[in-house]
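Enquirer: Going line by line, the protein sequences match chains X and D.
In terms of this note's numbering, the first sequence opens at residue 1 and continues consecutively.
In terms of this note's numbering, the second sequence opens at residue 209 and continues consecutively.
Do not rely on the hints blindly, as some may be mistaken.
To be verified - Computed, partial: chain X to chain D, Cβ under 10 Å:
1) L24
2) L37
3) A92
4) S104
5) I109
6) K119
7) H145
FYI, nobody ran anything at the bench for these hints, they're computed from the structure.
Being a predicted model, the structure only gives us computed values, none of them experimental.
Ideal placement from N, C-alpha and C gives every residue a C-beta, glycine not left out.
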Amino acid sequence: MRDIAERMRVPRALYTAFPVGRSLGKPRDRTFQHNVLKAAFCLLEAPKGPILIEFPERISSDCTEPLLCALPPRMDISVHPAVDEAQALKAAYDRARRKTKRTSVGMQIVADEVPEALKKFLRIVEGTDWNMVGFSAASIYGTAHDIRSYYEEISCELAEGAIGSWATEEWFYDSTEAGQLILRARRTMREKNVAQSIWFGLAPAGRA
Amino acid sequence: MSIFGKDEVAMQKFSAGLPVPEFDVDSFNRPKALHLAKVAIVTTAALYRDGGDGFTLGDSDYHYETFSRAARDLKLGHHSVNFDRGGFAADINVVYPIDRLEELREEGAIGDVADTHYSFAGNQSATLSEIRLDSGPSCARDMIKENVDIVLLTGT
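Take these sequences, add in the hints, and give me the full structure.
Expert: And the structure:
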């Protein structure tokens, strides 16, 4: 936020017009990241400040290519497609975690619990009240967060090409059975006049 | 309805109206040459180590987390549903460029990488008084003790 740096007289600032959450601009692009760092460190050579320089390349949030990430075929027709999908993707999650040595899953549940958590959202869609399936006001948000993180980390393992801004979020809610199930549960809760504070955060604000 | 984190115009409007502390003087100084300097990262990406205290939902307290230069088992503590976590999921360096710093050290472009790096949550009180009076100076003292010369601040 350029104007804030100017108003606060930050001694040295590199203004980067990159999407939120991407300070170095492009994930998995070592050259681009080094160019950003080089521009930042060049500020050290300025004889006086405050100094603010704009990085010459801009990245917009809304010009992202869709994520190219294949989903598994049905493996177990005895369970809901979202549960089947989450189970089938576990190996990819484990592989991603071994590779990166990190995960943001764990706000409410661990990866092994994702299929069971999806069953709770399924019960909401089928008509059971949200607070009768094992969720509390706090846990339902954290559970949706963890399911999305589980899928986003898998998508980064499986996807071909660059990971554009919001591409993993769009893939999750638009393309996966799990994302679609959470959106349906959210709509069901809204139609049943559940307090907005409970269902609103299950998906980004612009999602129907 | 747009997603706030995706709507550049909304974010610009928000930042333009955001009250910030104003300073009569700036703290500009001249550090030692980059190829001799020790560099630390301070990020507002709310990163924390697996198993650590971390940052909870809506957490706007002013504590900070520390991690060693070797640590990569980091979680992203920005839990907002309107935040794009895909970049971090793909590459930690997009918010915390620790591997890039190690490469610069190997090339001799920077003197050294600090042993300890720091993470705050970006959602702070409007006055920033806690960071200015408490955790900010504490964090700076830790870095001075480690002979850090240059701080790379990365926001999210």
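Enquirer: Could you run down the list of hints and mark each one as holding or not?
Expert: Hints, verified against the model:
no.: 1; hint: L24; verdict: holds, 5 Å
no.: 2; hint: L37; verdict: holds, 6 Å
no.: 3; hint: A92; verdict: violated, 13 Å
no.: 4; hint: S104; verdict: holds, 5 Å
no.: 5; hint: I109; verdict: violated, 14 Å
no.: 6; hint: K119; verdict: violated, 21 Å
no.: 7; hint: H145; verdict: holds, 6 Å
Hints 3, 5, 6 from the list above are not met by this structure, while the remaining hints are.
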